[in-house]
Amino acid sequence: MNTLKYIIPFLFPILIILFGLITYKVLELEPNFYTILINIGLAYILSPKYKIAQKQDGEEEQMKWLFYKKVVIRKI
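Sequential numbering of the sequence shown, starting at 1, is according to our numbering.
What the hints contain is simulated information worked out from the structure, not anything from laboratory work. Incorrect hints may appear among the rest.
Claimed, not checked - Computed beta-carbon distance windows for the label pairs: (1) 6 to 54: 22 to 28 Å; (2) 52 to 12: 14 to 20 Å; (3) 54 to 32: 42 to 48 Å; (4) 60 to 33: 35 to 41 Å.
As the list claims (entries may be wrong) - Within a straight-line C-alpha distance of at most 20 Å, the following computed SDA-like cross-link-like pairs (lysine to any residue) qualify: (5) 70 to 47; (6) 75 to 7; (7) 64 to 10.
Given the structure is predicted, the values throughout are model-derived calculations rather than measurements. Here a beta-carbon is modelled for each residue, glycine too, at the ideal position from N, C-alpha and C.
Construct all of the structure, not just a fragment, from the sequences and the given hints.
Structure follows, in structure tokens:
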């Protein structure tokens, strides 16, 4: 998780750009308000979610992806 920690802040903007390229270049749609909302929505859904859980041993940070069933846990 330490290697992912440096990439995670840049993942959401990278996903927005990636979906924008797919939408505008491959599907040849024009950029407008609705396509931008779709790009941002898809990037938000597919980006990882963080949650801080309180355990008996102390706090731990949990990272969860949409299609990844296992939760990545890191002690704080």
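Status of each hint after checking the structure:
About 26 Å separates the C-beta atoms of residue 6 and residue 54, a value consistent with the hinted range of 22 to 28 Å. Checked against the hint of 14 to 20 Å, the pair residue 52 and residue 12 passes, with Cβ atoms roughly 19 Å apart. Under the hint 42 to 48 Å, the C-beta atoms of residue 54 and residue 32, about 44 Å apart, fit the expected range. Roughly 40 Å separates the CB atoms of residue 60 and residue 33, a value that falls within the hinted 35 to 41 Å.
Between residue 70 and residue 47 the CA atoms are separated by roughly 15 Å; this keeps the pair inside 20 Å, and the hint holds. Of the pairs offered as hints, the one joining residue 75 and residue 7 holds, with about 19 Å between alpha carbons and a cut-off of 20 Å not exceeded. A threshold of 20 Å between alpha carbons decides the hint, and for residue 64 with residue 10 the separation of about 17 Å falls inside it, so the pair holds.
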